[in-house]
Each structure stands twice: as C-alpha cells, then as structure tokens.
Amino acid sequence: MSHTLAEKILADKCGKDEVFPGEFINAKVDMVLASELSGVLAVDEFEKIKGARVFDPEKIVFVMDHFTPAKDINSAEIVKRCREFARENGIRFYDVGRAGIQHILLPEQGLVVPGDLIAGADSHTCTYGFLGAFGTGIGSTDAAAAMILGEVWLKVPETIKFIYHGKPPKWVGGKDLILHTIGQIGVDGAMYQAMEFTGEAVVSLGMADRFSMANMAIEAGAMAGVFAADETTRAFVEKRSQREGKYWQSDENAEFAETYEFDTSQMEPFVALPYLPENVKSVSEIAGQEIDQVLIGMCTNGNLEDLRAAAEILKGKKIHPDLRAVIIPGTQKVYLDALNEGLIEIFIEANCSVSTPTCGPCLGGHMGVLAEGERCLSTSNRNFRGRMGHPNSEVYLANPYVAAATALAGHITSPNEVVN
Amino acid sequence: MPQLKKQESQAIRGKAWKFGKNIDTDAIIPARRCNTSDPKELAKYCMEDADKDFVKKMTPGDLIVADSNFGCGSSREVAPLAIKSAGVSAVIAKSFARIFFRNSINIGLPILECPEAVASIQEGDEIDVNTPKGIIRNLTRSESYQAVPFPDFLQQIIDLGGLSAYVETRLATNNGKDDS
Ligand code: SF4
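First to last, the sequence lines map onto chains Z and A.
Take the first sequence: its letters are residues 1 to 420, numbered as in this note's numbering.
Take the second sequence: its letters are residues 1 to 180, numbered as in this note's numbering.
Looking at chain Z on its own, in the form it has when it is part of the complex:
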C-alpha cells in the first residue's frame, strides 16, 4: 500500500509494516520533552506512579524556558523541582544560561533528526516536522507515562497536503505561507490531522522558513506539520548531529484527506489580527494600524535568519519614538552568533531591548507583558485574548521584516515603505 510521510514514520516507530489513519498505536519515542511549565506536573504524576523509573535518561529532555530566568518565586520553585528531578534521574536538562526556547534548542543541539518521533509536553512540538521528524504535543501525564514506558499512544492521523507553487517575492517567507494557509482553512482546519507541506516554493525555502511553518501547524489544530527531509535538511542535520536519521517521503499515490494548492508568486506578507491566528489579512489591508510594542523572536521566528531579516530593515535607523521593541534570540547560540555578526549592535543602536533567550512575553509571562488596550505586533504564533497580558490587549502576528518595518513606522506597514 502507498502511505504518507507521517504514516511511514509512525509505522516505523510501532514496529509495523504499515499503519492506517484512525488506527491507535503505541509508538516508541526518540525524545520526550517538557518545559518547566509542563514538566512540574509530569514530575508530580511520575512520582505518584508505583515502580516508576525513567526508560532512558538520554531520551528525556527538560528545557527551562517559559518563565526563566525565574520571573517570580513560584516560577523559581517550579524550575527547582524540575532541576532536582533531572539530577536524580540523570535526564538531559537545559537551565538558564545554557538553554533557549526548546524548539529552537533541540534541533540546534542535534537532539532531533529526520524520521524521529518526538512527544513533547508543549503544543509546538509539531515544529520538528521542519526537518522530517514527527513531533507532536502531549500533556504532562502523557509525558510522565512516556518517560516511564518510552512509548506514547497515538491515533494515526490523516494527512492534508499543501502544495505551494511559484517563487515567493521578497519579504514573503514561511511565516506568510503558514499564516495564509491558516487563514484559508481556519484554526480547526486540520484538527487531529497531519499537514504536509510541499511544492517548489517551500523546497526552495531555507530551514528557518520551514521551521516557522511546521511550528504553526498546531494553530490549525494539526497533530503534526511535516516536510519531507531533503538535501537542505541533510546539510542542516549533519552539522549538528552524530545520528543518521531516516529520510521518509510520501508515496506518489499516497492517500491524502485533502489537497490545497497556493500560488505564492503574487503573495504579500500577511498579518493575523486578534484574537485568532485565522484572522488573516495582507499587510496592505491592515497598514496604518497603530502599534505600541513590537516583539521579534520567540520559537516561530527566533532563529538567526529571522534576526538577520529584522536587522536588514533596522540597520542604521531608530525605531519610532512612541513604540518599544523587544527582541529575543531563540537560544544562547543564536544570541552569540547574532552578537558576532553585529546584529545585536544594530538592535541596540535602533533603541530595541534585547533579552536573554526566554518564552517570556510570548505567553504573557514577563519581559514585555501588555497593559490594557495596548497593541503588540509579534513574530510569535498565537494571538488569543490575553495571550500577552491584559485580556483587553491585542496581538498581531507577522514575519520579522514586517515587525521591524512596523517598529520604524510606529504602525503596521509593508517593508517596502521603509526601505530606500
């Protein structure tokens, strides 16, 4: 039988020749992931289970990223509990100063390779599809079970295929393609399904653009968002990991639940308006909307390529006096590379605040929380009510070029308006 990429990875992980959509499987995990936010509950559950032992400490990773460096006493306690659990059980543990946002960190550290199954107690675990792995979000009790059994139960998803044609114009990247897609299918458009991204437009994209797309698959309700790993993937992985990986592809006549096709050659950058990632308009339709804060970074756009994009626009300029900009590199390495390339200097000269890696403001934790009535344009992935602070604050989602251009203008604008 013919199968999709997602089905092939899952069949491989449960030791079967083939699996079919709708089938329940117990699949072996290559990595179990938790942050302090989900990890603390996983630890609670783990300790309640009689006879619990970690199945393989090398395949469990805790990353302290949501409320770190600890924003208050409660957060410090949560991190402390995770830290103690990690020490006792010898699992992989990334703490302040060695960490970063988990989804950028794991691939960077070579902990994920093509063909892997990653079960993460974080909904954006779907990100790992950018390098041909199957990453999917689970809960904390699920994570405790996976840490013990080395397995996770899953229902094999149907796959929806998205084909992106043409060559995207300047300023249009992976973030725009995924925003446009979610705008078309809605926040429940791929519920319980896998999204597979194909077509010449995405094949030509770099890893950071693919990253942004897979990262936001959950914003359409998807279980995973996957790309077939190719030579671009191989070059990325070989630099970072000793492990080989498996390079699966969907069969030509594989069965997809649906197929969508988009022409990217005429696209503009897109912006998602409050309070759902599906409220998508092109940047020119929403241009002029005043903004109080710009946030650049977070898991969706916190890679070095994203910071380069922002710096390209901000270089030698100052942001608008009535607006503040917060820039957060994804990991310590991204931070250091940005420093060495002179990007951090560009940001500071432009009057931007640059912070140590953290999820902080993305989930309304710290480092840029919004007051009532404030509007933020952010390169993150969610704009739910109250996501970044007061329930009556607003979040607009866009790519780093648009974010930087907006920071200069003081209102939402196309990058075309601020260059030259």
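It should be emphasised that the hints constitute simulated quantities derived from the structure, not laboratory data.
Glycine included, each C-beta is placed from N, C-alpha and C at the ideal position.
Mixed in with the good hints, there may be bad ones.
As the list claims (entries may be wrong) - Here are the simulated distance ranges between beta carbons:
| id | chain 1 | residue 1 | chain 2 | residue 2 | range |
| --- | --- | --- | --- | --- | --- |
| 1 | Z | Arg308 | A | Asp38 | 39 to 45 angstroms |
| 2 | Z | Glu244 | A | Gly61 | 52 to 58 angstroms |
| 3 | A | Asp128 | Z | Gln249 | 47 to 53 angstroms |
| 4 | Z | Pro169 | A | Asp51 | 42 to 48 angstroms |
| 5 | Z | Glu238 | A | Gly87 | 53 to 59 angstroms |
| 6 | A | Glu116 | Z | Glu341 | 54 to 60 angstroms |
| 7 | A | Asp38 | Z | Asp56 | 29 to 35 angstroms |
| 8 | A | Thr36 | Z | Lys167 | 47 to 53 angstroms |
Mind docking chain A with the ligand on chain Z? Use the hints.
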C-alpha cells in the same frame, strides 16, 4: 490490556454554562496564573479570560457546554485541571482540541462530544449525564442526547482509571515492555 476494577462513576448533574467556538487554553487558564500546579489556586481563575465571573457564578456540579474546538492552543494540563478543581462536573462540546482531549482523559475530567446536545441546551438548563453510557439528559427540556462513544482503546484507559493507572498496570504485568 489487563482489566482492573472499573472506576466508580460520580453523579454528574448541574446547570449548563454556555461558551462559543474555539475556547482556547489561555481563556481557560491564562499563563499569568500558571506559575503553580496547585489545583486550588488554579480553580480560582478558571475561564477567567472568557468570563471573568464564571467561578463566582457557577456552583459545583455545573457543566460547561461549548461549541467546536474547545481547549485549542497550548498543551497545558492545568487547563482541564482548573476546570475540574473549580467543580465543573463535565464538559460537553461539539468537538475538542486534541491535546485538551488527551489531558482531560488523563486527569479524569469527564468530556463528551455531542453536537446535538450543544445545539439544544440553553444556558441554565439542568443537565444530568450518565458517563459510561454517554447519555446526556436535559431535565429542563425533557430531552436526551447520545454522545459520540470513545474508541475502545481509550475506553479501556478510562475504565482502568486513567493513564497513570494504565502505566502502573503495564509495569506490574510485564515490566512495561510489551505492547498491550
Ligand atoms: S516561544 Fe511561545 S509558543 Fe514558543 S514554546 Fe515558548 S511559549 Fe510556546
């Protein structure tokens, strides 16, 4: 899968509180309240950003009745935990987001998928649920609705008493090595 004795099912009866589509986990429990895993603390802020008076208005036993994609967004298990510890006895929705669905089963928050019930039930209706059978009765309107049954695999986990009990059973029977 090995059989254990079934969980005692508690009576589920109370008033319906209605919510719309795409109620996300930030609306159920915003991250600013998530720097704790203490259920009592979480309960205070349940549904805060969807209806800030919800916890004050409801009485334990009441039900949440919501449209489609309930619980979308984050994987935070504190979302169903906040609902459960606030005293909500069950959530009925047209559909649930995937991770919220898993989490609810894992922590023992009764959830029922039933578009028909959601369409008929009005806010304030008196509702009674028989979870093993998936039968929802609307006492105010003298109607009853059948929820979508859980797949066998999940029903077994529910019957065992949740995922942790399932893991314990696996550990006790075959050292966790075998597929069941
Ligand atoms: S940056 Fe935001 S979306 Fe990404 S993992 Fe952190 S909190 Fe979640």
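Tested hints:
Distance hint check: the CB atoms of Arg308/Z and Asp38/A are about 43 angstroms apart, consistent with the given range 39 to 45 angstroms. Here the CB-CB span from Glu244/Z to Gly61/A is close to 55 angstroms, well matched to the stated 52 to 58 angstroms. For the pair Asp128/A and Gln249/Z, the beta carbons lie near 52 angstroms from each other, so the given range of 47 to 53 angstroms is met. Against the hinted window of 42 to 48 angstroms, the Cβ-Cβ separation of Pro169/Z and Asp51/A comes to about 43 angstroms, which satisfies the hint.
Under the hint 53 to 59 angstroms, the C-beta atoms of Glu238/Z and Gly87/A, about 54 angstroms apart, fit the expected range. For Glu116/A paired with Glu341/Z, a C-beta distance near 59 angstroms keeps the hint of 54 to 60 angstroms intact. Between Asp38/A and Asp56/Z the beta carbons are some 31 angstroms apart, a value that agrees with the proposed interval 29 to 35 angstroms. Thr36/A and Lys167/Z have their C-beta atoms about 49 angstroms apart, which keeps the hinted 47 to 53 angstroms range intact.
The earlier numbered hints are all upheld by this structure, with none contradicted.
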